[in-house]
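Assemble the whole structure, with the sequences as input and the hints as a guide.
First to last, the sequence lines map onto chains A, B and C. One point on numbering: in my numbering, the residue at position 207 of the first sequence is 207, and numbering is uninterrupted. One point on numbering: in my numbering, the residue at position 126 of the second sequence is 432, and numbering is uninterrupted. One point on numbering: in my numbering, the residue at position 124 of the third sequence is 933, and numbering is uninterrupted.
Treat the hints with care, as some may be off.
To list a few chain B residues with every Cβ distance to chain C over 10 Å, as calculated [stated by the list, open to error]:
#1 P397
#2 A410
#3 L620
#4 S687
#5 I699
#6 T749
Distance ranges between label pairs, derived from CB positions [unchecked claim]:
#7 P984/C x D468/B: 34 to 42 Å
#8 T939/C x K799/B: 23 to 31 Å
#9 F1125/C x K799/B: 27 to 35 Å
Hints listed in this document are in silico derivations from the structure and should not be mistaken for laboratory results. Beta carbons: idealized from backbone N, C-alpha and C, even for Gly.
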Amino acid sequence: MGKWSRRALVLVAVCLIAAPVFAQKIGVTLYDRDQFISSLEQAILDAGKAFPGVTIDSQDAKQDVNQQLTQVDVFVTKKYNAIIVNLINTDTVETILERAKGTPTVFVNRRPRDAVIDGVKTAYVGSQEFDAGRMQGEFLAKFFQGKKEIRYVLFMGQLGLENTNERTRGVKETLTKAGFTLTKVYEDTAEWDRFKAMNQMQQLLGTNRPFDVVICNNDEMALGAIEAMKSAGRDLKKVPVVGIDATPPAKEAVKAGDMAMTVFQNAKAQGRVALEIALKAAKGQKIDKFGWVPFEPVTIDNVAKY
Amino acid sequence: MSEYILEMRNIVRDFPGVRALRGVDLNLKAGVVHALMGENGAGKSTLMKCLIGIHRPTAGTIVFKGREVDIPNTITALRMGISMIHQELNPVVDRTVMENIWIAREPMHKALPVFIDHGKMFSLTKQLFKELELDLDPKSLLRNLTVARMQMVEIAKAVSYDAEVVIMDEPSSALTPNEVEHLFAMIRKLKAKGVAIVYITHKMDEIFEIADEVTVLRDGNRIVTEPVSQMTIDSLISYMVGRNLDEMFPKIDCPIGEVKLEVRGLSVPGHIEDASFTARRGEILGVSGLVGAGRTELMEAIFGLRRRSKGEILIDGKQVRIDSPVDAMGAGMAFVTEDRRLTGLVPVLSVKFNTIIANMKAYVNSLGLLRHRKISQDVTSYRDKLSIKTPSIDTIIANLSGGNQQKVLVARWLLTSPDILILDEPTRGIDVGAKAEIHNIITRLAGEGKTIIMVSSELPEILGMSDRIVVVCEGRVTGIVDRKDANQELIMKYATNSLRASA
Amino acid sequence: MATLQTPLVQKIVNRYAIFIVLGAMGASLTLLSPDFLTPGNLINVLIAESGRGMLALGVGVVIMSRGIDLSIGSIVSLTSVVAASLIQQHDYSARIFKDLPLLPVYVPVIAGLVTGTLVGMVNGWLIAYTAIPAFIATLGFMIIARGMALMLTNAYPVPMLRPEFKILGQGNFGPMPIIVCVFIFMVIVTWVLLNHTRFGKNVYFIGGNINAARVSGVRVERNLIYIYAFSGFCAALAGVLITARAASGIATLGNNYELDAIAAATIGGTSHTGGIGTVGGIVAGILILGILNNGLLLLGVSPYLQQIVKGVIIVFAVVFDMRKNARKV
Ligand SMILES: Nc1ncnc2c1ncn2[C@@H]1O[C@H](COP(=O)(O)OP(=O)(O)OP(=O)(O)O)[C@@H](O)[C@H]1O
Ligand SMILES: [Mg+2]
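Next up, the structure:
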């Protein structure tokens, strides 16, 4: 028996012992596969490849709460070691934890109530939505330095969602704290939708009401607003449009000087951190309650980096 | 070429569970009216549907003008020169008269043949109506016409194809005597043009007036084909039912009690003006009048189906409030409606559920569940009593022959054991045998002290069955006639009374 | 018997109820907001509603034939990404088809229209020949078409479209935006189809009484395919133009549009029991929705209150219109 075969033997033995330790099965349930979630999902899968023996079963609940619950049930029945949940509705979190029957559960991107996070079996990974709004506010505060009043147009995401509320609160509070008086010219939901925002913007422009800024809860709506303003011949340098998400077309718009700024939410980092915490929890190791992945402001100065 | 324009040879047609036709022959000559007779469910409509391309024969051949033909769909039949008036009316009620007539063969613009030429369509329709001496507005919606007028439109449509064979499946069942005369005049014209006509009816007298030859079907078999001249009513009936029939109008005089229902000064805007009459226990009250006179509307108003602008309804001398069918049923009334397709049948449900639908309450147990065994027992007993011909009580009612569907509706309302039974054209489309049975049942119910109100367009039926007759004309009650004074002339006089007065 | 007739005024009110609702809404908004009755604003309303309007025309025809088409929203998505992917700027690095040569602008337009019409034809074929209900067939394609759109794009938008394509959605034809011109053109086409061609009559006959149509020689199956193809075509046309206007192909574009379009057709008096409906009604329906959205925007009504107001007005409009059918028996 040569040196090589002995080594092989050892390797096999190690694998046999190690396999039960490393063979982790992780279930992932996503609210829907939009662009952001798709890259988050990809990050989870990519991160998983770094850990031998880890298998990841990723499912898409298509915005259907029941389907999400069923997926959790299936994960539990198959005795998965941990579950990563991208909530559809934050109200279902108790039910999900009940169905998880003690399986470690990491929430990602959609934040449940803090009370259910215990830092042992449950954790939350995401970015503080409020910060995204805050960054928009900080950017605008600098932009409007010396002014007292800001007449704003605001396009919100789906009403009643946490990110809609927090992003809106973030930008408004930051600007108020910086000493500005905010005057509403128009404030409505465009349901994250580019075309809806575009239509609303066009009708608003038709009334010739003056405004100083267009704040959007996401980039798609910002791009819609920009499209409408461009065809009405508005100067996008004087009236900044700000978005959130830093999607590829939004970054192009920032580069072209059409969009004043956007905020990068690090989907890849969220996915990676979520998986790391899930693996730790699966092994029974101590975990943090929150895994915060910071937002990053993107402007014409740093857009090349993203 | 043979003397026949069309020959059907040895036609067999199977449906799931039934063999509707068991090798039937039918030969038609140009310029001859060929009557097709038989009890409900004998297979008359099925045979004709094989000819018009709705059904395909399971076996057998069709020879048209000397050539064997295959008729896979209606379009083929219509193109070949065969048209049909269907037993179940087939109007598209939200479209106009002329659109219904020219459906699928609208006249097109000469210059731009993708567009329909409505002007031409209108003038063609006018011309057709003039030829047929019909007084109808080509542009009115079918929905606004009476059943009889819809039927006249169907007839006009079948004629307008200029077909060589015209099939008429019970065209007269919704028509009044005057309109039947009108129809016969049209048939005679077609005959003179050399058209072969198949005429299906349950009315004996019509056969002897219009038909040249008769074929009788029974249970899917051809029993006989003979010239009408060699037939008598009795021989015809015995061919149809396979035995001699008892009395057609088995009216027995039974004691008539006190007033059960009184209608006072009832008005329905647009239909009924100030109608008053009474009906007593044990009485059969006939309601006669021309089609469109408002008889049906009057009954619907009494039953709470139509809003009244004026008038009271009293039962046992006490005023009752009837605003809906539920109120009416609560007051002990039942109503067999005139148009079984529009307001009677639930076509997709079984015979069983169509029978119990008005009486569901009686078949619910204390848990609120249906008592299926009791339902089956009762439905079976009524099926036997009324001899409803159906493969089973679970058969979908749409698959029954027209007459049998009507019997199911009668059974439905008998099942509610009402005190007052309103029957609107209860024997329309029903064969002689079944008709006698229904008359029997009506008589028996009257004998039990029930009040019967029977609307009918058939004068012999009205005269044969009623104790008293209410005659309606143009929305008004123009006469109430006692049985002993009643005769055809008197009734017709009242029925056309104000027509003449206003003319 | 004049006394027995319904008064003429009431007849007119009943017949034109939906247009009266529309007029009343227009009048009250004129009073409430000075910005409402300006040519610019009205054109903006038309621009915003043109896309959904085309959908409503198509699905209106389907509803008249006693069917339903739930797939139109997804057809918008699918056409959007198909058309957009064929006309991305060549200097955009993340474009879908990297090796595509510069295509003339009619290629994506035709590709989009063909895609939508094909989906419609398959819908129609399934409904005509397999006897599955329209609800199910088109629900299937609602899911399938959206899935195809997402798969083609990985859920990423398809941005950076060439300007000569964008002009279709953003440009003007004389004083009128092209998209509005196309909508008006489609209104006329649909009106002519329904009122002056055999196809239109067949729609009403099939919807009014499919058996009557069949025994009278209407080729029901073939016409069903035409009907759903028409609906698919309308949706595809809307999809192409909206994409050009939004300057981006979006796989979620047209989400829930089917509901808006069905609502517009229904508000406009198209009967779900088939055989009844007019193009005028559908246009009124879509304008009611459009004016409603516009009015709420101009008045700055709180987004939460908006939903309640919208729901109430829609239900009220239909109740007011339905009185004409409210007769006993
Ligand atoms: N589509 C069908 N499916 C099953 N059975 C059917 C169908 N159509 C007819 N039948 C059956 O075929 C038989 C013949 O029916 P058909 O309608 O031809 O009778 P008919 O002679 O026209 O009677 P009526 O005088 O009542 O109109 C009946 O037993 C009927 O139940
Ligand atoms: Mg028959």
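Checked hints:
1. P397: At roughly 7 Å from the nearest Cβ of chain C, P397/B sits no farther out than 10 Å, so the non-interface label is violated.
2. A410: About 4 Å separates A410/B from the closest Cβ of chain C, which leaves it inside 10 Å; violated.
3. L620: The assertion about L620/B holds, with a minimum of 22 Å to chain C.
4. S687: Per Cβ check, S687/B is outside 10 Å of chain C; nearest 31 Å; holds.
5. I699: holds (25 Å)
6. T749: Nearest chain C Cβ is 30 Å from T749/B, so the label holds.
7. P984/C x D468/B: 34 to 42 Å: violated (54 Å)
8. T939/C x K799/B: 23 to 31 Å: violated (60 Å)
9. F1125/C x K799/B: 27 to 35 Å: violated (54 Å)
When the structure is compared with the earlier hints, violations turn up for hints 1, 2, 7, 8 and 9 and for no others.
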